[in-house]
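*Asks:* Each chain, letter by letter, is given below.
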Amino acid sequence: MTDVLDQFWRAYLYASNGAPSGVAVTLWLLVASVSMGFFISIALAVARVSSRRWLSLPLWLFSYVFRGTPLYVQILFIYAGIYSLDFVKGTPPLAAFFQSGYNCLILALTLNTVAYTTEIFAGAIRTTSAGEIEAARAYGMSRFAMYRRVILPSALRRALPAYSNEVILMLHATSLAFTATVPDILKVARDANSATYQTFAAYGLAALLYLCLSFTLIGLFRRFERRALACLGTQR
Amino acid sequence: MFLNGYGPLLLAGTWVTVQLALLSLVVAVGLGLLGAWAKLSAYRGARLAATAYTTLIRGVPDLVLMLLIFFSMQIALNDVTDLLGIEPIEIEPFAAGVLTLGFIYGAYFAETFRGAFMAVPRGQLEAATAYGMREFQVFRRILFPQMMRHALPGIGNNWQVLLKSTALVSLIGLTDLVKVAQDAGNVSFRVFLFISVTGLIYLALTTLSNGILYCLDRRYSAGVRELRL
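Read top to bottom, the protein sequences are chains A and B.
Note that numbering that gives the first Met the number 0 has the first sequence beginning at 0, numbered continuously upward.
Note that numbering that gives the first Met the number 0 has the second sequence beginning at 0, numbered continuously upward.
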């Protein structure tokens, strides 16, 4: 245990060989994909509940495909599959984009979380009570104003418990980063394992770090939920 | 040639994936029932152990646990055989994969079953006891069938997650669908094609399980009044 800690504590937390690694990279992956995914998902959720089939059907298919296949296969598809195409290799901007493990990984994670989050938000929008929408219409609100003032504020609140679960799952999903050669916590653990042969210490330390991050996130969401959901009168 | 002649290999890989998922499901459901029983039991020790199990396992990514358990299990076994002075026993990767996945998802199933057990009205169990049923009879005739209705959505969810996480076993050296597809793609220089096919196979598997879950749900909801809005 002490070998692993002595040699690798810096790598586990923030940097190895002058490049970011470990917890710092894991958190960066999480923040990047979840924050982009959040805004994209709101727009897509509004389209997903639309009564226009040409708008909602492609989104149904998108989330069906991304929720029905493993994230690891999606990462392989983007990192190894797309880059292997001659068309991509022959187009310099595309080739440059897909060559980077970070780009591919964040793209895969974002698409994955958008698929789940869109369904969560769309579900919450659908459960908006009809009376609220009628009232908004009666006030003469435009569709945009209705979403901004009435539907989204309450729908996003109701979606919060499911959404916080999704964020925790995304934290766990970032552990696939090493398959795209991105040095997250697990990649450092693998390096530590092959350098010291202390398997239990190397992976155990990674597990401990993930546990701390999970609990911190859960705690933050609990506090936020208590504030945001106070208006619904469902304090737990 | 269709899939460069890798069709049969991909099929074999799919079979490994399906076997792995189903066997892990059996282990996970068993551990889940045990965990739920322990969480609701009157013994403080059992409750504590079960809570530690579900909390710790669910707080750590399945991939990290898989690597931790898979590699540490072999090392721990080596230490034991060394201590006893007998020949080292090599754990078979497939069995290790099943046990590891089952152990991880047992924690998720325990939470599902705990909620479902609590949803069965106590009066039903008391009535069964009053009829003179033994404890196991109460479980088999009253508790289990009613608990299943509440547990099914959760079971379905966990199963889909478990099925998808079998893709990770290629990282601990098992020759499953993903590994076969990667190898085939690298050899034939058609990575894109083979990964796409893998995705489609997984999609077919999840679609199939959706259908089965729908039928099960119909069966276990028999006799429950449906409210149409």
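One thing to keep in mind: the hints can contain errors.
[Said to hold, decoys possible] Partial selection, computed: residues in chain A whose CB lies under 7 angstroms from chain B:
id, residue
1, Pro69
2, Tyr71
3, Gly130
4, His171
5, Ser174
6, Ala205
7, Ala206
8, Tyr209
9, Ser213
10, Leu216
To be clear, the hints were calculated from the coordinates, so they are not data collected in a lab.
Every residue gets a Cβ at the ideal spot worked out from N, C-alpha and C, and that includes glycine.
*Asks:* Can you verify the interface hint for Ala206 (chain A): is its Cβ closer than 7 angstroms to any Cβ in chain B?
*Replies:* Given a least distance of 5 angstroms, the restraint on Ala206 (chain A) holds.
*Asks:* Quick check on the hint: Ser174 (chain A) CB to chain B CB, less than 7 angstroms?
*Replies:* Holds, because the Cβ-Cβ distance from Ser174 (chain A) to chain B comes to roughly 4 angstroms (cut-off 7 angstroms).
*Asks:* Quick check on the hint: Tyr71 (chain A) CB to chain B CB, less than 7 angstroms?
*Replies:* holds (4 angstroms)
*Asks:* Double-check Leu216 (chain A) for me: the hint is only fine if its C-beta lies closer than 7 angstroms to a C-beta in chain B.
*Replies:* violated (10 angstroms)
*Asks:* Is the shortest C-beta separation between His171 (chain A) and chain B less than 7 angstroms?
*Replies:* holds (4 angstroms)
*Asks:* Holds or violated: the hint that Ala205 (chain A) contacts chain B, with Cβ atoms closer than 7 angstroms.
*Replies:* holds (5 angstroms)
*Asks:* Would the hint on Gly130 (chain A) stand, with a C-beta cut-off of 7 angstroms toward chain B?
*Replies:* Check failed: Cβ of Gly130 (chain A) comes no nearer than 14 angstroms to chain B, outside 7 angstroms.
*Asks:* Does the closest beta carbon of chain B sit nearer than 7 angstroms to the beta carbon of Tyr209 (chain A)?
*Replies:* Since the shortest Cβ distance to chain B is 5 angstroms, the answer is holds.
*Asks:* Holds or violated: Ser213 (chain A) as interface residue toward chain B, Cβ cutoff 7 angstroms?
*Replies:* holds (4 angstroms)
*Asks:* Checking hints one by one. Is Pro69 (chain A) an interface residue toward chain B, by the C-beta closer than 7 angstroms rule?
*Replies:* Holds - the Cβ of Pro69 (chain A) comes within 7 angstroms of chain B, reaching about 4 angstroms at its closest.
Hints 3 and 10 from the earlier list are contradicted by this structure; the remaining hints agree with it.
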